Structure formats: C-alpha cells, structure tokens
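Residue numbers (our numbering), protein chains in the order written: chain S, 629 to 856; chain B, 34 to 340.
In case anyone wonders, no lab produced these hints; they're calculated from the structure.
What you are looking at is a predicted structure, and each value in this text was computed from that prediction instead of being measured.
Hints should not be assumed to be uniformly reliable.
Some but not every residue of chain B turned toward chain S, in silico, with C-beta under 8 Å [as the list claims (entries may be wrong)]:
| hint | residue |
| --- | --- |
| 1 | 131 |
| 2 | 134 |
| 3 | 135 |
Pair ranges (Cβ atoms, derived) [as the list claims (entries may be wrong)]:
| hint | chain 1 | residue 1 | chain 2 | residue 2 | range |
| --- | --- | --- | --- | --- | --- |
| 4 | B | 200 | S | 768 | 56 to 62 Å |
| 5 | S | 642 | B | 324 | 58 to 64 Å |
| 6 | S | 733 | B | 207 | 47 to 53 Å |
| 7 | B | 85 | S | 729 | 29 to 35 Å |
| 8 | B | 123 | S | 733 | 22 to 28 Å |
| 9 | S | 794 | B | 280 | 56 to 62 Å |
| 10 | S | 642 | B | 39 | 51 to 57 Å |
| 11 | S | 704 | B | 329 | 41 to 47 Å |
| 12 | B | 56 | S | 715 | 41 to 47 Å |
Among the chain S residues that face chain B by a calculated CB cut under 10 Å, a handful are [claimed, not checked]:
| hint | residue |
| --- | --- |
| 13 | 711 |
| 14 | 757 |
| 15 | 761 |
Ideal Cβ positions, reconstructed from N, Cα and C, are used throughout, including at glycine.
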Amino acid sequence: MLARREIVEQYSDRGAAFRALFFVALPIALIFLNRGTGGRNPDPVLLIFALQAALLPTATAINAAAGSFAAEKEAQTLVPLLAAPIRDIDIVAGKLMAVLLPAAGLAIVSLAAYYTAASIVFGQERVERLLTPTTLYGLFALAVFFIMTVGAWVMVVSARVGSQRTAQQIAGFVLGGLIVALSAIGSLIQNLPAELVIGVVVAVLVSDLVALELARRFWNREEAVARL
Amino acid sequence: MIEVRDVTRRFGAFTALSHASFVVRSGEIVALLGPNGAGKTTASRIIAGILAPTEGDAIVDGISVREDPDRVRARIGLVTDSPSLYERMTLRAYLTYFARLYDLPAPGPRIAELADLMGLAPNIDQRLASFSRGMKQKAAIARALVHEPPVLLLDEPATALDPEMTQTLRGLIVSLRAQHRAILLCTHDLDEAQRISDRVVIVDRGRIVREGATEELRSAGRPSFRAEIVADETAARAALASADIAVDGVTRSNGNLELRWTAADPAETNTRALRALLDAGAKVITVSSETRSLEDAYLEIIKESRQ
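Taking the hints into account, I'd like the entire structure generated from these sequences.
In structure tokens form, the structure reads like this:
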C-alpha cells in the first residue's frame, strides 16, 4: 500500500513520465545513429548499447528515491507516517519497492525496445546470437542490483541532507560515475580478465549490502524523527 | 489517559527533557506550554511513540510506549503545526490511505462522517493542493481522528490560521473533549490555552516548572486591584504612598485615573487605600479585583524558574 501510493505520487508528475520515456528512447536513438559503427563487426557496439539500455532507466530511480525520502522529509509528511502503527522496516521496504518496481519495469521495457530496434538495424539473426536469453537476464539482474544500489544510497544521502534537490544532485553524480565506469568496462569487456568482471559484480553487491544496512540504520523511526 | 512518568530524553550531550511527569485524564484538555526548545515537541513525540524515552516511561491508554510503541501509536491522533499532507491526493484518497495504515477494514462511512464534521464534505474529491491553509489543517485533524483515537496530541494546531478558523478549531477541540478524549495541546498561544485548557503544564529548558489548573495558576500570587478615580495623579500617588501602598501602574481612561496595586491582605490594604484617596480629595468611581491573564502568570513563572 505504501509502495502503491509512492508510485502513483511519483508518476502523476509529467516530468517523471517524460524522463522515463527519454531514458527508454536514448539507447534506441543511439542504435539508429550508430548503424555504421563497428564496420563488419558491430557486436561490441551492440553489447555496449544493450548495457546502456538496461542501466539508463535506473536513473529514474534517483528521482524516485530522492522524492520518496528527502522530499517527504522536506515537506514534513514523514511525521504522520511515523506516527502510524507500522513497523520501521515496513516503511523502508515500502519505499524501496516504490523505487525498485517502476525502475525495474522500465528496464524491461527498455531492453525489449532496444532488442526490437537492434534487430531492425543489425538483423535479427545477429541480435539473437548476441543477446541470448541468458545475456538479457544477466543485464536485467544487473539493472535490478543497480537500482537497489541507487535507491539505498539515495536513502542514505537523503537522511543527511536538507532538500530533495541536494539528494538528487549528489546521487546523480554518484550514478553518473557508475554508469560511465560500467560502460567503459562494457566496451573493454572482451579484453578484460574474468576475475576483474567478477570483482566489479562483487563490488556492486557489497555496495548494495553496505548501503541497505546504512539506510536501515538511518531510517529507523528514532533517527528519522531526530533529524526532522 | 496519558501518564508521563519521570521521562528524560537526551540527544547526545543535550537533554531535551528531564524527569518530566504529568497526567492528562480522559475528557480533559491539558496545555503544555513553554518557550521554543523547551521540550514540548520532544514530550509529544515520546507520548506518540515515535521517540523512545532515554529514562522513564509514558503510559497511553494503559500501554507503555517502551514496551509496545506500535499499540500506543494505534491509540493516538497526532496533529502538528504543519498539516503535512500528500497534496497530490484527494481528501478521500488521503483519509482512506491513513485509515488502512491504521487497519480500518471499511473506512468509507468514517471518512464521510469526518469530512462532514470538518465541513469538507463538498471538497472530499478535490486534491489537497487546492485547499486553503485552514482547510488543510482541518484535513490533518480528520487524518488524526480517522481511527477514533482516545488520545489526541495537538502540537501548535492553530499556527497560521485566521481568527475565524482558529475559533472553529477551538470549538472542534472542545467538542472532542466532550467525547471523553484525553487531549494534550502543545502551544505558544497562551490566549488559546487560557480559553480551552482545564490544566496547564509549563516546561522550560526541559524541566517542568509548574503544573496546575488553569484558573489556579491565574489566581496564584498576590491578588491585584484596580481603582478608577477622579483626582490629580501626583496627589493620588502621594496619598497611596503615605498609606504605605506601592502603586504598580497608572493609566488614564476617559479622563479618569486608573491605579493598580497588589495586596496580600485585601480587606486591610484596600480600606487603607480608599481612606487615603478620599482624604486626598479623590472621587472614587470603581474599585475591582484583577485576575492575571495566563500570559502574565506564565511569564512570571518562567522568570522565577530562571532565577
């Protein structure tokens, strides 16, 4: 119920809907703009854009998470919520779900749209060979982990800053850096040792766990009320 | 009923509330008064079960905030100075949302009843963003009442309301007392507290410095008297001074002179004062006792507590 209210609240804003559309459309536009790139072997380009198609929609999670935590703190709407007979963990879980579900749904839409667009530009046979179901599931799983990282870190930032805008800006810088780093890794993926790739995945997972634990601590009732 | 039992709350090295104890009975309005930062909001948050006491306990409707804060929260309605609404929602959706958070199975009739009580029935399907400040505060009160709590915590509920809306709110709070709810009103508005509270708890720098019935606090101390006379001011002052009476204040009203003094023994002092004034040639129009306002009593108590 908490998550549903948050999602309706976030996406009743036209700006949020436009942002979501933009992030879905961007990799498709890149595919059409780069149709000649890669010469006879466009596979690396297809993989990099596929990675972007999976990860870019996670950027919507920044706004969602900042809106869910910092904006609520800023508008003082947290007090009635904290005064209700619900557990701390339900509040945090509800808010995280509200961040995770729409962004994950958008990642699926984005990957599906990208797959279709790439098939049109580079041929279905090539795309089927390159983006196997296992690769697509892997990309989706990465997107989900990424959203959790973003959501949890924005929660941590939101507990410390005074406004939604500041939370968005700080989280945006962090996310931008991560996307650039992951894209760079994606572009070099064929030349990278498997250990490094596994290391990056482990680092993302550890980051998730650290951020979730910090978020849980910062957003317990006592801490949240003391910071209002 | 609320029982605050020797509650202390510290934030690091800062003590926001120190060994506070007081009671709010069912069917009673108690005003918690104090300057900014005195500990009023901390006290109300501890009672509301959203902040744990460092020491002591608060019992709400028989339940300890330490042992079962979830059940305490289910019995409390909290209104803060800011309406704190989700403004993109309609009033109906907003109240339904909170009714479900409080586990009300079929909140429809209750929501309609509250909208009617608050005079918001025609606006029930409008977005809260379109409401005026007063309407928003009424919506916040409706939210606090949606689960029919036996205890109400009102933290500066009339902030930024116009006089008409303040009067409506006052009527509403009094009617809630008639429904046998225990109401704690945290406020700076001493006039409001004087009008509707049965008892007053004054807190300063985290400590409770006075507690008592509102009328008792107002009449505490030496009684004050006022005489309206026709006389020369210098002569009147000299007459009272010769009778060993200290004048607290002199004003002019409609050409007459108003003199004020306090008296530990009114029968003896006032007789002496009148005799001295008449001997000085004054014409006495009225002599009356003056009850202190709650504001005067409050300021005196705060001053005393800091000495």
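To see whether the hints hold, each was checked on the structure:
no.	hint	in the structure
1	131	holds (7 Å)
2	134	holds (4 Å)
3	135	holds (6 Å)
4	B/200 with S/768: 56 to 62 Å	holds (59 Å)
5	S/642 with B/324: 58 to 64 Å	holds (59 Å)
6	S/733 with B/207: 47 to 53 Å	holds (51 Å)
7	B/85 with S/729: 29 to 35 Å	holds (32 Å)
8	B/123 with S/733: 22 to 28 Å	holds (26 Å)
9	S/794 with B/280: 56 to 62 Å	holds (59 Å)
10	S/642 with B/39: 51 to 57 Å	holds (54 Å)
11	S/704 with B/329: 41 to 47 Å	violated (33 Å)
12	B/56 with S/715: 41 to 47 Å	violated (29 Å)
13	711	holds (4 Å)
14	757	violated (47 Å)
15	761	violated (39 Å)
Hints 11, 12, 14, 15 from the list above are not met by this structure, while the remaining hints are.
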